[in-house]
Amino acid sequence: MWKNTELNYGRITKILHWFTALTVFSLFALGFWMVDLTYYSQWYKTAPYWHKSIGILLFLATLFRLIWRATNVSPKALASHTKWEKIGSKIAHLAIYVLLLTLMISGYLISTADERAIEVFTWFEVPALGELFDDQADISGVIHEYLAYTLIAISLLHAVAAIKHHIIDKDDTLKRMI
Amino acid sequence: MKKFLIASALLTTSLIAPSHAANYTIDNKGAHASINFKASHMGFSVLTGRFNKLSGTFSYDEANIAASKITVNIDTSSIDSNHAERDKHVRSDDFLDVNKFATAKFVSTKVEDKGNGKLAITGDFTLHGITKSLVIDAVKVGEGDDPWGGYRLGFSGTAKVAMGDFGFKTNFGTVDLDLYIEGIRK
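Residue numbers (this note's numbering), protein chains in the order written: chain A, 2 to 179; chain B, 773 to 958.
Here chain A stands alone, though its shape is the one from the complex:
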């Protein structure tokens, strides 16, 4: 089944979810590592190039994901979930979406402060809007860093919660996404 139903997530949603999870953790690791590369490292140019290219692709995937989510039914929370679990998971999901988008926007603002476009592999370029505010590259860099740590923390919480449902509550919460 490709589309969501009231009971289950469809294939498209699952693919988008797991693709995003894999990409976010990969980009985090790549970003964490690449900021300390020295100028003389052979990765000094390649690592940011991949980080930016993959980030832009994830942005496109996220836009599609939001459209897909808005135009599909969302499976109802399991009846066994408590009220605070339902509210808590809603807040966490919303936070993850907001963090994803702000993280991508802040990343875009670092690299485009000098009006240079972002090249996505050799496929296409995302044009720059230039310097929208003073010290754009530095301020966006700091914001990008803290948003990344926050996103990873909330994603881990999200994962721990799913595992808790699977192992302790023994319900279908995690299975529905697989």
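Honestly, the hints are just simulated from the structure, not real lab data. Just so it is clear, the structure is predicted and the values come from calculations on it, not from any experiment. Idealized CB from N, CA, C, for every residue including glycine. Misleading hints may appear alongside valid ones.
[Unchecked claim] Partner residues aside, some chain A positions facing chain B, computed with beta carbon under 7 angstroms: (1) A114; (2) D115; (3) A138; (4) D139.
Fit chain B to the given chain A structure using the hints.
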């Protein structure tokens, strides 16, 4: 006799004419001053850039050049090499560490007249929290009334900075500075 008197009068006047040690403010508002740098890009070519924000004052006396003085403050975070990502890296603690060392400064200690409008300006140059002596070879470019009611005086200068002296993580060689300083008389 008459001629002699006139000649003596003129001579006396010129001798007692007050020397004009005028003070000038560097025209950063009109951006008629720039500090440009050149650095080797791994021996392949030369990278150029500049510091967009600077301020300072100088005094200059044509009749007593040795009494001239100049102070220049450079906002290190204003480095501009026409590449946001590179500038961000240069501002980081790998290089200029601008959060800790927001200002670089040059304060002259000695000005020598080399003739023909040429000057050798020795001073204390502070960068990355370390102060070293630096000599700027300067040339007076021009002076006079501007069309807007002010009086201007300008110099160009060059200096070589041995970056290894300033305690950076990486010694990125010698950086050439090209300076163009125009002041408006106070």
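Tested hints:
1. Evaluation of the A114(A) hint against chain B yields a held restraint, the C-beta minimum of about 4 angstroms falling below 7 angstroms.
2. Residue-level restraint check for D115(A) holds (minimum Cβ-Cβ distance to chain B is 4 angstroms; threshold 7 angstroms).
3. Annotation: interface hint on A138(A) holds; nearest CB of chain B at approximately 4 angstroms, less than 7 angstroms.
4. Using the Cβ-Cβ criterion of 7 angstroms, the hint placing D139(A) at the interface with chain B is satisfied: the shortest such distance is roughly 6 angstroms.
Of the numbered hints given earlier, the model fails none.
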